[in-house]
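Visitor: The task is simple: from the sequences and hints, build the whole structure.
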Amino acid sequence: QKEVEQDPGPLSVPEGAIVSLNCTYSNSAFQYFMWYRQYSRKGPELLMYTYSSGNKEDGRFTAQVDKSSKYISLFIRDSQPSDSATYLCASNTGKLIFGQGTTLQVKP
Amino acid sequence: DAGVIQSPRHEVTEMGQEVTLRCKPISGHNSLFWYRQTMMRGLELLIYFNNNVPIDDSGMPEDRFSAKMPNASFSTLKIQPSEPRDSAVYFCASSLARDRGQKLFFGSGTQLSVL
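Just so you know, the protein sequences line up as chains U and H, in that order. Quick note, the first sequence lines up with residues 1 to 108 if you use this note's numbering. Quick note, the second sequence lines up with residues 1 to 115 if you use this note's numbering.
Simulated from the structure, these hints should not be mistaken for laboratory data. Worth double-checking, as some hints may not be accurate.
[As the list claims (entries may be wrong)] Straight-line distance between alpha carbons at most 27 Å, and here's what the computed DSS-like set of lysine-lysine pairs gives:
{"hint": "1", "chain 1": "U", "residue 1": "Lys42", "chain 2": "H", "residue 2": "Lys103"}
{"hint": "2", "chain 1": "U", "residue 1": "Lys70", "chain 2": "U", "residue 2": "Lys56"}
{"hint": "3", "chain 1": "U", "residue 1": "Lys70", "chain 2": "H", "residue 2": "Lys68"}
Because the structure is a prediction, the values reported are computed rather than measured.
Guide: Listed below in structure tokens is the structure:
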């Protein structure tokens, strides 16, 4: 079992839709949770960063962590074609472990 | 401010040849990471350094892979001899070691094809 699990998709939604991306993790020691966004032929870039449980909002993006169920979520409101990318969740205890990544396509 | 710089961007080589990938981290960052990305396995950590010292190389697939960081501004990942199954995108990333959350900054990657 991988320490961070993520459905690779692909996920296709119309422009303006609310997108929900999810991950589960197995290591109870994880405290820091991140979402990275990766455009085609580019390196991943940090999108959202949270510590422990709770929500964090940044513009159209909301990251949510539920440590009791070991569940990580990223919500994108009013999705745009420019949001089309692969989204990777990640967490760490000393070294950063990534999920498989979910490929999102937002159609105009 | 320059980001993480990797070279070459693309590398095509034949099985058995030596391959060297290069990375220049962000100035001031003292942690450096090498990752490999494939469709099947996603993004895998190969090795990481703190203050030029290798901390965890448990992700290095086998003895054919080696990594060095001779100074704070340069690292190499070497594969010798290369095999077709090594074909992947190799990413270098850097961060501040004191950042327990490890906010990584990635380079653009090296696309390696071993024929």
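Visitor: Are the hints correct? Go through all of them and say.
Guide: Evaluation of the provided hints:
1. U/Lys42 <-> H/Lys103: The hint holds at about 17 Å.
2. U/Lys70 <-> U/Lys56: holds, 17 Å
3. U/Lys70 <-> H/Lys68: Distance ~36 Å between U/Lys70 and H/Lys68 Cα, so the pair is violated.
Of the numbered hints stated above, the single one contradicted by the structure is hint 3.
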